[in-house]
Amino acid sequence: MGFANSDPAPTAQAVKILVAGGFGVGKTTLVGAVSEVAPLHTEEYLTRASVGVDDLVGIDAKTTTTVALDFGRITISDELVLYLFGTPGQERFWFMWNDLVRGALGAVVLADTRRLETSFASIDFFESRGIPFVVAVNCFHNIRDRAPQEIRTALDLDPQVPLVMCDARERSDGRDVLLTLIEHLMARHPAPQPAV
Amino acid sequence: MRHWTEELDDDADEPLVRPYTITGGRTTAGRDDLTLITLISLVTAQTPSGTDATAERHALQPEHRTVLRLCARRPVAVAEIAAELDLPVSVTKILIGDLIETGRVRARPPLAFAQNGALPDMTILEAVRNGLREL
Ligand SMILES: Nc1nc2c(ncn2[C@@H]2O[C@H](COP(=O)(O)OP(=O)(O)O)[C@@H](O)[C@H]2O)c(=O)[nH]1
Ligand SMILES: [Mg+2]
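First to last, the sequence lines map onto chains A and B. For the first sequence, my numbering gives the first residue as 1, with consecutive numbering after it. For the second sequence, my numbering gives the first residue as 1, with consecutive numbering after it.
Looking at chain A on its own, in the form it has when it is part of the complex:
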């Protein structure tokens, strides 16, 4: 992708979609499958909120716990960039979720049928904050051993919340999961789309 040498559009806007779910469920895989750049990696101090920022002075860097964030990017246009953040599902990381949800269009909760319970925390989080989300079941080794309705029941999922099957390694699947979320968001808009 080429970049113009001119000034970047001052109106550029960033939005993001969160990809949540338990450890090893395929978050980074899905982000990498759809991202135009290799998944980027960054960290934040876990202790920042729990002990207070000033208390970090003098703490050896090696003993400071960090939480890792993986993210990718899809340039939609000169004015709009979509970031995808793989977010750890464990409750102890939620101190940073307030930042994570700012500017988020919504979320994808990835689930693994062999251990659905690892997705409970993420679902609870988005439900309780009124953040729209869809559930994507990552079909490891193409195993589709459980019917969607069975998974819905196990997750105690609101009937309104879309549930889709995917292979997180497949770009087209990742794209379709994201499109499901966008269409879910569009459907929630009260005003019908004006005919063009």
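Hint data in this document are derived by calculation from the structure and do not stem from the laboratory. Some hints here could point you the wrong way.
Label pairs and their calculated CB-CB ranges [to be verified]:
1) A/Gly24 with B/Met122: 32 to 42 Å
2) B/Gly103 with A/Ser77: 27 to 37 Å
3) B/Arg69 with A/Asn142: 37 to 47 Å
4) B/Pro62 with A/Arg152: 18 to 28 Å
5) B/Ala59 with A/Asn142: 51 to 61 Å
6) A/Val164 with B/Arg26: 41 to 51 Å
7) B/Glu134 with A/Ala154: 34 to 44 Å
Chain A residues, not near chain B, derived (Cβ > 12 Å throughout) [claimed, not checked]:
8) Gln13
9) Asp112
10) Gln149
11) Glu150
12) Leu157
Ideal placement from N, C-alpha and C gives every residue a C-beta, glycine not left out.
Following the hints, complete the assembly by docking chain B with the ligands onto the known chain A.
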């Protein structure tokens, strides 16, 4: 659109530096308005707005220059800068804060939505949908 795997190359890892050494020991950003996807762009008209004293206090570190270089081509999100610097997000925010204070970069915060039922603009949703369809 091209996919990143088409142009894989390994970046040599930057040497490890104790993060807060770079910020002169500062651990508080002093600005809470920077989020992970706040877009940072270069102020091209080079008229730093900070006072001389401010400029002196925040003499440019190599990391500051890296930030300026990263923002040169297009607005870059705070998280991307952190990833490139290989520094924690909070440390990165301190460095970006220095550059905002001295008028070298400007920050564009994300729109607020996705909380308490607020919905993003239909225009944005349509743009994202169309962009995704082209993947
Ligand atoms: N067979 C198979 N392996 C997968 C799939 N999705 C992810 N993996 C693998 O599962 C492991 C964990 O995936 P990762 O994306 O790192 O999970 P994360 O912890 O949620 O980010 C990696 O080794 C992936 O290569 C899938 O759909 N099928
Ligand atoms: Mg991961």
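How the hints compare with the structure:
no.: 1; hint: A/Gly24 with B/Met122: 32 to 42 Å; in the structure: holds, 36 Å
no.: 2; hint: B/Gly103 with A/Ser77: 27 to 37 Å; in the structure: holds, 28 Å
no.: 3; hint: B/Arg69 with A/Asn142: 37 to 47 Å; in the structure: holds, 44 Å
no.: 4; hint: B/Pro62 with A/Arg152: 18 to 28 Å; in the structure: violated, 53 Å
no.: 5; hint: B/Ala59 with A/Asn142: 51 to 61 Å; in the structure: holds, 57 Å
no.: 6; hint: A/Val164 with B/Arg26: 41 to 51 Å; in the structure: holds, 45 Å
no.: 7; hint: B/Glu134 with A/Ala154: 34 to 44 Å; in the structure: holds, 35 Å
no.: 8; hint: Gln13; in the structure: violated, 7 Å
no.: 9; hint: Asp112; in the structure: holds, 24 Å
no.: 10; hint: Gln149; in the structure: holds, 27 Å
no.: 11; hint: Glu150; in the structure: holds, 29 Å
no.: 12; hint: Leu157; in the structure: holds, 18 Å
The structure fails to meet hints 4 and 8 from the earlier list, while all remaining hints are met.
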